[in-house]
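What follows is each chain in one-letter form.
Protein chains: 2
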Amino acid sequence: MYTRMHTFTEAEMDRIHEASLAVLERTGIIFNDPESVEILKSHGVRMDGKKAFLSAKDIESALASCPASFTVKALNPENDRKIGGDDFVMLPGYGAPFVTMSDGNQRPSVYRDYEDFVKLVQGSPSIDMNGFLMVEPSDSDPRAAHLDMLLAGLLCCDKPLMGSPINRKAADDCVGLIRAAFGDGPGDGRPATVSLINSLTPLQFSEEMASSLVRLVRGGQAVCVAALIMSGSSGPITIPGVLALQNAEVLAGITLAQLAQPGAPVVYGSTSSAMDLKSGALAIGAPELSVIVNLTSQLARRYGLPCRSGGSLTDSLCVDAQAGAESALALLTAVNSGVNFILHSAGILGSYISMSFEKFIADEEVAMMVRRMAAPLAVGEEEIDAKGIMEVGPGGNFLTRPRTARLCRKEIFQPRLMNRMNVEGWTAKGSPDLARLASGKLKERLESWKAPDMDPSRRADIVKKARELAGGAPLLAA
Amino acid sequence: MYTRMHTFTEAEMDRIHEASLAVLERTGIIFNDPESVEILKSHGVRMDGKKAFLSAKDIESALASCPASFTVKALNPENDRKIGGDDFVMLPGYGAPFVTMSDGNQRPSVYRDYEDFVKLVQGSPSIDMNGFLMVEPSDSDPRAAHLDMLLAGLLCCDKPLMGSPINRKAADDCVGLIRAAFGDGPGDGRPATVSLINSLTPLQFSEEMASSLVRLVRGGQAVCVAALIMSGSSGPITIPGVLALQNAEVLAGITLAQLAQPGAPVVYGSTSSAMDLKSGALAIGAPELSVIVNLTSQLARRYGLPCRSGGSLTDSLCVDAQAGAESALALLTAVNSGVNFILHSAGILGSYISMSFEKFIADEEVAMMVRRMAAPLAVGEEEIDAKGIMEVGPGGNFLTRPRTARLCRKEIFQPRLMNRMNVEGWTAKGSPDLARLASGKLKERLESWKAPDMDPSRRADIVKKARELAGGAPLLAA
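Top to bottom, those sequences are chains A and B.
Counting in the numbering used here, the final residue of the first sequence is number 478, and the numbers go up one at a time with none missing.
Counting in the numbering used here, the final residue of the second sequence is number 478, and the numbers go up one at a time with none missing.
Bound-form chain A, shown alone (with noise of 0.2 Å):
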């Protein structure tokens, strides 16, 4: 296969590696928490203090026990999910705290957004699994707003989602639902979540993450170790020292996961991009943010692991060409260059600054073209069918051959959104843009989502769970 963007040599792949180990040797590497710290040290690794010099030999042992792929359960069993190999997984965004409204201007999220999206998701064509923090909700009492997003996605999704790594006692709630939602204890080998767990760059892990990741795997449930480092700031203003300085802090945590349950399930993340040279903020509709996907995935096949990156991202405040256009150069690189886990992949503005309801949809729609440009593709006689060219003949038409009739609704897409009319046509309907076509599609959307079919026992034994895991903060979501 040809390309044209950066393919690593093996001998430049090692280089990488080399370099990751001899900084995590020599250098060392933070983690602020006291449980990683012991099983740190409980597993013979160097620590002076809560810096830990993570030799060649630990990240090699870790790495061997790490699953090439693994399978995360949803609630209802069709909506299971490979996580690794040649599949991939489309999620929606995460982290925003506002939500950009049709008018174009932001306001601070709440659960209901949160809901809402819950809610796109379970009937959506194109992304695969729940999201977490999708939209901060801000009138969710602070104890309880992890409570409230995983019992929505708990309640009104039967798609697999993810977990919460805030804090230990947010993992920790997430694991005892996740034992109430799906009635089993952990070890099965088949997580219900995948929690993303980022390092504190450069080279530290904070104590959240750190504890939640512990707390996460020793569960059950897999996590995403990623980076997210920008290049000139904090980190090298190469990109393949951001890669070096990456691929440190994730082995770092992965190695961490291995120590502390041993086969734990693990992705391999990146959300590492360029510093804005005017503004000096992270840039995520950034060209190098694509180049360092495409690198960052070839380092974790490398490692024989699942890899993550980011999707459908720009820096664009509104919907408009730009955040197409941003949006679909780092999906399409994502999907092309194998990532498995692809996280915002529908929704996200602003880099990451709000979730955009429109968005989301008019996301969806370049999700399944992106789909059906990967799709696998048959050449044989039959498809080629040199026979129907000759019967046909110079000047003639396919049209009307049955074969068209049989075939066109498998072999060509057909746009929900995207408009193909004709200028008066437009003209007529007021000449929509694609965010008016996808706003006009939001009501339908939310208003035809139905409630995954649930014994009434097992909601009511989740939802108890839920509450007694918030101690009496109040539930939004039940």
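No wet-lab data here; the hints were simulated from the structure.
Any given hint could turn out to be false.
Identical chains blur together in the list; that is why a pair holds if it fits in one copy or across any two.
Distance condition first, Cα-Cα at most 16 Å in a straight line; then the derived EDC-like pairs of lysine to aspartate or glutamate [to be verified]: (1) 387 to 18; (2) 387 to 25; (3) 50 to 461; (4) 278 to 411; (5) 169 to 35.
These numbers come from a predicted model, not from an experiment.
Position chain B relative to chain A; hints supplied.
Just chain B, lined up with the frame of chain A:
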């Protein structure tokens, strides 16, 4: 390299090749041009009237005389461009009868629009070659429209240009005008134009196209032979079928070119896509287009030929998120697939119905991002900078390192247009979307245009020659 888009096996490409050859040998292909028929006949091709039955040997000896790459020369030698190998050129849109204005409405295009697009090409950071028929100059005298466009390209821009293939006379005029402009004869192996020759699918070439092809290659100019097959309408419903038919037509056109002028520089092209199932019209924003581009590029490489495809293609009628996404998917696919001659890289809207100045400027920016994504990457110790990572250490910062300041402009793409402001800054500027940001640059771009340096006597020669070729028809460009 990993990719999720289909990579042909050798056997699959052989199967398509054999199918194309069988079609050409048994069904034949019609050339509606007496001169072409004479050329084919005189070289021993089996003919039945205008229908040629090309043998495998005819095709193979034609392919053997095609150059693997060639250089298209420009009035400014710094702008000469290689077509083929790992190199690629981007060109503006082609064939639009309308201009979409800033307010979203369409109007028939005029010569002044054409000249303005030439001026944009001249100042473009991403468009390597000037087009032809970027818009149809509806106010040009029909007898001289091609001369107006060629003249605008020669006088207002010193990048290489596309030739006029619209009929025999226009092709001859192109050769004549290029000789006047470059002061040299045919056959120096360095064409100054590349012209688009499209088949009349299925399995025909019109008189205009066949005769233009012959005259252009005999005049020392390059041609791109392409097919526009609409799957399910003018071609098979399956993509391998489209490719087999397209391949037959393109190989037939290339064979004619090589018989007319052995060694003529040719490009293997595709502009095929899917039919929209609702309207039956051509959908160029369709994901099938990108699938076809990716596979066409592999076939061209198999034959050792430069490849042409479309770039920033969309069915949208305005510069919205649809236009951004569809254009980005097709352009990135073209670049990563290895296409060498990327037409429609800027400006096109609405399935080729119109050109938009705003889209042109927005597309340029996306094209710069795609170029950044495809830029070569060095992965040595210097770029990995393990030493720097160790020096900075846990919790440190890379922003103040001299290396960051030294390399940041080289390593990080700086957008000219894309919004990376925060919401406060953006709102203070009136919340512009990308279309509006692009619109804001247009005046400045046109005003900053300067006529390229040209010896006044050469200029006079060119204008004189154009007047002579116009034979009394008025020229708007002179």
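These are the hints, each one checked on the structure:
no.: 1; hint: 387 to 18; verdict: between (56 Å within a copy, 12 Å between copies)
no.: 2; hint: 387 to 25; verdict: between (65 Å within a copy, 13 Å between copies)
no.: 3; hint: 50 to 461; verdict: neither (40 Å within a copy, 79 Å between copies)
no.: 4; hint: 278 to 411; verdict: between (46 Å within a copy, 14 Å between copies)
no.: 5; hint: 169 to 35; verdict: within (13 Å within a copy, 83 Å between copies)
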